[in-house]
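Chains as they are written, first to last, in this note's numbering: chain S, 21 to 479; chain F, 21 to 479.
Quick caveat, the hints were computed from the structure, so don't treat them as lab data.
All values derive from a computational prediction rather than experimental measurement.
One or more hints might be untrue.
Treat identical chains as interchangeable: a pair holds within one or across any two.
[To be verified] Distance condition first, Cα-Cα at most 16 Å in a straight line; then the derived EDC-like pairs of lysine to aspartate or glutamate:
{"hint": "1", "residue 1": "Lys-230", "residue 2": "Asp-89"}
{"hint": "2", "residue 1": "Lys-338", "residue 2": "Asp-116"}
{"hint": "3", "residue 1": "Lys-111", "residue 2": "Glu-259"}
{"hint": "4", "residue 1": "Lys-293", "residue 2": "Glu-184"}
{"hint": "5", "residue 1": "Lys-338", "residue 2": "Asp-168"}
{"hint": "6", "residue 1": "Lys-338", "residue 2": "Glu-167"}
There are 2 protein chains.
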Amino acid sequence: MTSRSSATTARTSSEARAVARTQTLLKGKDGIGTVRRTVLPGGLRIVTETLPSVRSATFGIWANVGSRDETPTLNGATHYLEHLLFKGTAKRTALDISSAIDAVGGEMNAFTAKEYTCYYARVLDTDLPLAIDVVCDMLTGSLIAPEDVDAERGVILEEIAMTEDDPGDCVHDLFAHTMLGDTPLGRPVLGTVDTINALNRGQIARFYKKHYDPTHLVVAAAGNVDHATVVRQVRRAFERAGALSRHDAVPMAPREGSRTLRTAGKVELLNRKTEQAHVVLGMPGLARTDERRWALGVLNTALGGGMSSRLFQEVREKRGLAYSVYSYTSGFADCGLFGVYAGCRPSQVHDVLKICRDELDRVATHGLDDDEVARAIGQLSGSTVLGLEDTGALMNRIGKSELCWGEQMSVDDMLARIAEVTPDDVREVAGELLTQRPSLSVIGPLKDKQADRLDEAVS
Amino acid sequence: MTSRSSATTARTSSEARAVARTQTLLKGKDGIGTVRRTVLPGGLRIVTETLPSVRSATFGIWANVGSRDETPTLNGATHYLEHLLFKGTAKRTALDISSAIDAVGGEMNAFTAKEYTCYYARVLDTDLPLAIDVVCDMLTGSLIAPEDVDAERGVILEEIAMTEDDPGDCVHDLFAHTMLGDTPLGRPVLGTVDTINALNRGQIARFYKKHYDPTHLVVAAAGNVDHATVVRQVRRAFERAGALSRHDAVPMAPREGSRTLRTAGKVELLNRKTEQAHVVLGMPGLARTDERRWALGVLNTALGGGMSSRLFQEVREKRGLAYSVYSYTSGFADCGLFGVYAGCRPSQVHDVLKICRDELDRVATHGLDDDEVARAIGQLSGSTVLGLEDTGALMNRIGKSELCWGEQMSVDDMLARIAEVTPDDVREVAGELLTQRPSLSVIGPLKDKQADRLDEAVS
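Starting from the given sequences, assemble the full structure and let the hints guide the process.
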């Protein structure tokens, strides 16, 4: 750790007074946190949610970069880079990084998605300064040493192999490919064996330099945290790394755009010797900012979001045809997907697909019953409030909101938006989305005859 | 829902005054809960942990039955029964059960292990009476209807197939078989396709009657709960079901016994066309009540419990040979296992096994460095305290303690036991356990030559 002179601290505070802008975005009450945002000179955004009733804190940094920012050659670079940020900085070896957080019993991890990357540590509140120091150092001071690039290539190839061994996970990558093809959004976050073998240190280091500028980052902390203290510590860490020198830099705006997906009736089958056939039947959904997303959330919950949902009841409870069956939405900046997953023995795949397709058609035509809508609203509201006790979930919510929407929504507002959804709204969004001709992705050991019949599900 | 006459309530309270025994086991402070226990007439134990700072509650019922209580013919019956308890009671259909909890956004689930089964619901504190009503009804009033037995058979066969498609999970079942053979503890919790196909309604109904007597159950609730209210509601629910009529019944004692496992140098290989080879290298460990378990916990953490652990550093960080590598302990009433898992490409399996074996041998001979012990103690302590914010984890802790140990340990006592572990204690337990000749379980596409070399790892 670097020693801190009081002169440095004094300089920091005087700059903060000059240009840092702090706002209280949401006022807390009854166990709901207060959300504040500061924009530092250099364009770094810091959001915190203060919940004094807990003893822990989660600290995260979000980077506005994901696999959709990759060219075909660079596919997998975002995730490769995420791994390399754990491998050492000018101040810390990989072991220094992991032992610092392990020694206090914290959890540290990261995840890479198609539109963002997040690094985080969950620790006891008294260990928050340590977490801030370590995570900021990783983000600003990564060495990306050539020998680490090579060792980590092996780890990522193992991660790809492990994912291949999990067909229930892998089929979602296949579905993205089915719907979006060989495009930035359609390609896998992990990359492929070929791209990972071809990526070199220079490409990854350039990618790091380009996408980890402070204007691309959002810092988020939630739990028993004090906003001003977090801001001071983060600022000091970034300044020490020389990362806030462009005082007039402004934060990057959220991604935007709008795009109409036209994929329909497409079938992709990966023939594998698995026990189950793993299927995703789906169609274009909604972009992340679409106003109809609240109605789609209710629709998704009632259709395949829990044990009382239609798909669970029809496929599992009544007929015992699957163990796992659910629907889901993925929303990107400019488009989205809606899908139904099921895993079942290959001999039953046509029955399962028919039931799922029939249910989609039924909801497309008739919408949902009033009591299904009421129950889904209750389910979404209750799980939203239950989610507030986990500082990790809070950190995710405020960090992702800042990065992807550029705004914070209070829990009360979210609950209000959910509660306002009417059976008519659901009917409308179902009529728009579920009437689209679906496409289908399958991983499983299907014989030719069975494979030929897959078209029935998307006709 | 049944209406409640005031007469019923009055009778309940007067009986409670007569014989229910309530004790405060642990006093709470600073965000740590107060733990209380009541034993009802009928032999039903109820433990609660009250944490007024949260808004949620988790309610669970633990049954002292697991797959080790099954004969070979009944293998899978405990888990089959767990599924059937969700299928309906005299008062509720399967849909009534799931929609009740879904409608309030709660999470309801269950898990079956080798020595216990647990059913639980996590809800907002205001919905706790509902959760108690539903879960108690499931446990005391299950119909086990013949048509449900048949439909659920399909679901369980799918669950078995799904597990088979996850070799990183499945290899732990194989390891239990390698170490314990075709014995109650060695057989899989899910059963096999053959036993599940053969089990009939009568067998499962008898199993239910035998193992779900109130004396075999522990009720546990944690979060913003009031002990006396929980006791009153649970008592009412069990009395309505006529389940507390044997007033002199006493709770079942925890399982006990002691057993020496002698398996050594055994190798089991399941040849599968997977991308990775999934291996578990391990040996006999410690029973759940063994006093050396605290030292073993420290040893396990330092050896394979986090990113800074020896195995992670040697196998992944330095050499990039695996994505996932860790060690673990399983403790049963009378014996235990210690294992190291790794997933890697088949061509690297011998390198990975050699590194793991060498590390086990090194620790067996030299123990751990003082700073490794200190870090592992910090890691275990920090994660213990971080775990206190999750009412689900709290419910698990008090429920399992009551059922398996028959006592509650305060967090302060746990932290003290962890902190007391010395490098000498670790050296001693490592010298006792890790000097045993290991055995090995592998799932993967190994060619004959590679398969022949597996013996090297256990020689």
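Evaluated hints:
no., hint, verdict
1, Lys-230 / Asp-89, "within (11 Å within a copy, 60 Å between copies)"
2, Lys-338 / Asp-116, "between (54 Å within a copy, 14 Å between copies)"
3, Lys-111 / Glu-259, "within (15 Å within a copy, 65 Å between copies)"
4, Lys-293 / Glu-184, "both (12 Å within a copy, 11 Å between copies)"
5, Lys-338 / Asp-168, "between (53 Å within a copy, 8 Å between copies)"
6, Lys-338 / Glu-167, "between (56 Å within a copy, 10 Å between copies)"
When held up to the earlier numbered hints, the structure conflicts with none and fits them all.
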